Amino acid sequence: MSKEKQRREALLYHAKPQPGKIKIVPTKPYSTQRDLALAYSPGVAEPCLEIEKNKDDVYKYTAKGNIVAVISNGTAVLGLGNIGPEASKPVMEGKSLLFKIFADIDGIDIELDTEDVDKFIETVKTIAPTFGGINLEDIKAPEAFEIERRLKEELDIPVMHDDQHGTAIISAAALLNALELTDQKMDEVRIVVSGAGAAAVSCTKLYKAFGAKAENIVMLDSKGVIRSDRDNLSEEKKEFATDRKIDTLEEAMKDADVFIGLSIADIVTPKMLKSMADDPIVFAMANPNPEIAYDLALKTRKDVIMATGRSDHPNQVNNVLGFPFIFRGALDVRATKINEEMKMAAVRALADLTREPVPEQVNIAYDTTRLAFGKEYIIPKPFDPRLITKIPPAVAKAAMESGVAKFPIQDWEKYEEELYQRSGNDNKVVRLMHNRAKLNPKRIVFAEAELLDVLKAAQIVHDEGIAMPILLGHKETIEKLKQELDFDAEVPIIDPRSDETSAMRTKYALKLWEIRKRKGETKYSARVNMGKRNYFGAMMLQEGDADGMISGYSRAYPRVLKPVFEVLGRAKGVKNASTVNIMITERGPLFLADTSININPNAEELAEIAQMTANVAKTFGFEPVMAMLSYANFGSSGHPHAQKVRDAVKILHETNPDLIVDGEIQTDFALSQELCNNNFPFSKISGKKVNTLIFPNLESANITYKLLKGLHEADSIGPIMVGLPRAAHIIQLGASVDEMVNMAAVAVIDAQEREKRRKARMES
Numbered sequence: 001m002s003k004e005k006q007r008r009e010a011l012l013y014h015a016k017p018q019p020g021k022i023k024i025v026p027t028k029p030y031s032t033q034r035d036l037a038l039a040y041s042p043g044v045a046e047p048c049l050e051i052e053k054n055k056d057d058v059y060k061y062t063a064k065g066n067i068v069a070v071i072s073n074g075t076a077v078l079g080l081g082n083i084g085p086e087a088s089k090p091v092m093e094g095k096s097l098l099f100k101i102f103a104d105i106d107g108i109d110i111e112l113d114t115e116d117v118d119k120f121i122e123t124v125k126t127i128a129p130t131f132g133g134i135n136l137e138d139i140k141a142p143e144a145f146e147i148e149r150r151l152k153e154e155l156d157i158p159v160m161h162d163d164q165h166g167t168a169i170i171s172a173a174a175l176l177n178a179l180e181l182t183d184q185k186m187d188e189v190r191i192v193v194s195g196a197g198a199a200a201v202s203c204t205k206l207y208k209a210f211g212a213k214a215e216n217i218v219m220l221d222s223k224g225v226i227r228s229d230r231d232n233l234s235e236e237k238k239e240f241a242t243d244r245k246i247d248t249l250e251e252a253m254k255d256a257d258v259f260i261g262l263s264i265a266d267i268v269t270p271k272m273l274k275s276m277a278d279d280p281i282v283f284a285m286a287n288p289n290p291e292i293a294y295d296l297a298l299k300t301r302k303d304v305i306m307a308t309g310r311s312d313h314p315n316q317v318n319n320v321l322g323f324p325f326i327f328r329g330a331l332d333v334r335a336t337k338i339n340e341e342m343k344m345a346a347v348r349a350l351a352d353l354t355r356e357p358v359p360e361q362v363n364i365a366y367d368t369t370r371l372a373f374g375k376e377y378i379i380p381k382p383f384d385p386r387l388i389t390k391i392p393p394a395v396a397k398a399a400m401e402s403g404v405a406k407f408p409i410q411d412w413e414k415y416e417e418e419l420y421q422r423s424g425n426d427n428k429v430v431r432l433m434h435n436r437a438k439l440n441p442k443r444i445v446f447a448e449a450e451l452l453d454v455l456k457a458a459q460i461v462h463d464e465g466i467a468m469p470i471l472l473g474h475k476e477t478i479e480k481l482k483q484e485l486d487f488d489a490e491v492p493i494i495d496p497r498s499d500e501t502s503a504m505r506t507k508y509a510l511k512l513w514e515i516r517k518r519k520g521e522t523k524y525s526a527r528v529n530m531g532k533r534n535y536f537g538a539m540m541l542q543e544g545d546a547d548g549m550i551s552g553y554s555r556a557y558p559r560v561l562k563p564v565f566e567v568l569g570r571a572k573g574v575k576n577a578s579t580v581n582i583m584i585t586e587r588g589p590l591f592l593a594d595t596s597i598n599i600n601p602n603a604e605e606l607a608e609i610a611q612m613t614a615n616v617a618k619t620f621g622f623e624p625v626m627a628m629l630s631y632a633n634f635g636s637s638g639h640p641h642a643q644k645v646r647d648a649v650k651i652l653h654e655t656n657p658d659l660i661v662d663g664e665i666q667t668d669f670a671l672s673q674e675l676c677n678n679n680f681p682f683s684k685i686s687g688k689k690v691n692t693l694i695f696p697n698l699e700s701a702n703i704t705y706k707l708l709k710g711l712h713e714a715d716s717i718g719p720i721m722v723g724l725p726r727a728a729h730i731i732q733l734g735a736s737v738d739e740m741v742n743m744a745a746v747a748v749i750d751a752q753e754r755e756k757r758r759k760a761r762m763e764s
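Per UniProt numbering, the very first residue in the sequence shown carries number 1; after that it's consecutive.
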């Protein structure tokens, strides 16, 4: 993607459909006059009076305990410098967004128009009663040090300057693990720190807290090695001034064990890296380009353990692993500050988590067979769902043990369950899906590429590296639309009706005739059909000329389904194909089936649909907990409509005893653990959170998913086709660009899974 195009897309993203990235939504009913009377006058007076009597009751009656202020004056915005408060607002909104999606914390961004330290501090102190915590952001050094120090001393709520401590906490966890892998001790290793800003100082202080010796540390700023005989050193730099008679990074790197880079790109040369001690640890964290490129470092030293700030290499030192979860733990015990004990607890929790077995969901997201503690995995991945249940409890316990917690947690099991529920509101399915597709993109046919929205989707999947699009349609029309969209990438454009594709069309027509010559197909009709894009695209998959296909934007579902079935047929052992929609809801992702194909399946067909849907859930890293839905509950009706669901459940229990599935059951009982536990404690799904719903017929499934989408604005991924021998997926008529992008990612993942199975069969 060109810089100009990226610029336009970024501006459009922030401007439309409404400006900004965050909004405030009510958490209480407000539909009746009674609701409004309780929310405001006269009812609101009661909590006001209670809080007047006891200030701590503000946490009981208001949202204070879950609000963090993200405060900056825009003097040190990453990569942009001193751009001022207004210009920093998009960054602060972005930080607020991360607080919400990773830890369910409401971040409110506040930009202050002052570079005066006293005014800044006084303003924050004045507004502090509104917030449960303060996250300081993008404030230049050395002012940042004083601002944080004084606010921590003068306020009774958690305050943290993430630019300082976020990187310190994440990198310290990575360093502990790297040292364990290389059998080295913190108090013995020689450390070189390139950079002397807020992050570098905080990192080095934290390493010292874990045992690093001052005499083993060399820090460099833009002038070279910070030596004790240098003039005009700030107090922060004086702490790390060395007595060694060296001046340059090259000298400092000789025989060093650890390099910490928080400076500028490409300042570490292969020669410097070679001069380091055995098993060097190199954290090159300058963004977007590290102090030494990852590939160059590994080419130079096979024994290096490397981390960067980039997501496209192993061991990303990413602050999102820290700040949301640290504040979550601090808020939940109403900590009066974030102290060293809490930061060190977060470090240990992150380090320990890396050594535990990795959930399959994370392996799937990163397209690996098995992530395991080692040189390429010394820090958890940002998509690891365990972060919210591991880091906040560790921080909360440290706050309690160090005496800064005003609301100690009594029931840790209950607390972890609450944290898990919070993570359900942040549905990472789409991010996981896109990330996984990017690791091994496949050739995806866009069968309706002459249509603007379809071409937009193809452009996005190309630019984002999700897939390699193949565009079907009239070449001249597509080229003109590409120019309008500034889609200048060279991607294949194929017109099934053009003279250029005559040989290909003839070859495909003969193949179709061979497949269907006993089903009414003639050579003539096969050639006519091969001029139609859905037949042509499906045959590209059949012949291995593409890996996946999406279509259906402009045509009714059955019209697209027919050529796909005629060309590809069903997968081996599958009687009926079906579809699954993933609904992104407030309670987490829900897998719904069958939403598009089987009108009134019998018991055997329902069982097959359920089994294939379970496989879809597993493909996306979720253990299926399945409810077979009906209007009846466990034999309450003898009607054949209820009986077939009972029979399907019986089949599944006999053929797949390990599958967590039960029914027939009504939807409300399936979705409410309390209702299910109280009424049907014998059920396999009792006490479990259902994430997969199998409907008794097409009407109920299709209506339900469209109601969720239309009334509750739940995002939908699907329909995902299952039961075919190739990765062909038919989108809904008029699907949005985002929906098509998501379905392209689904097609890529589908193709990836098929490739893995083929390789496994060949190896066996």
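By construction, these hints were calculated from the structure, which means they are not laboratory data.
Do not rely on the hints blindly, as some may be mistaken.
To be verified - As a list, the in silico PhoX-like pairs of lysine-lysine whose alpha-carbon atoms are at most 20 Å apart:
id, residue 1, residue 2
1, 100, 390
2, 271, 140
3, 271, 302
Quantities reported herein were computed from a predicted structural model and do not represent experimental measurements.
Evaluation of the provided hints:
1. Distance hint between residue 100 and residue 390 is fulfilled; the C-alpha atoms sit about 18 Å from each other, no more than 20 Å.
2. Simply put, residue 271 and residue 140 have alpha-carbon atoms about 33 Å apart, too far for the 20 Å limit, and the pair is violated.
3. Restraint check for residue 271 and residue 302: satisfied, since their Cα atoms lie roughly 14 Å apart, inside the 20 Å limit.
The structure does not agree with numbered hint 2 stated previously, though it agrees with all others.
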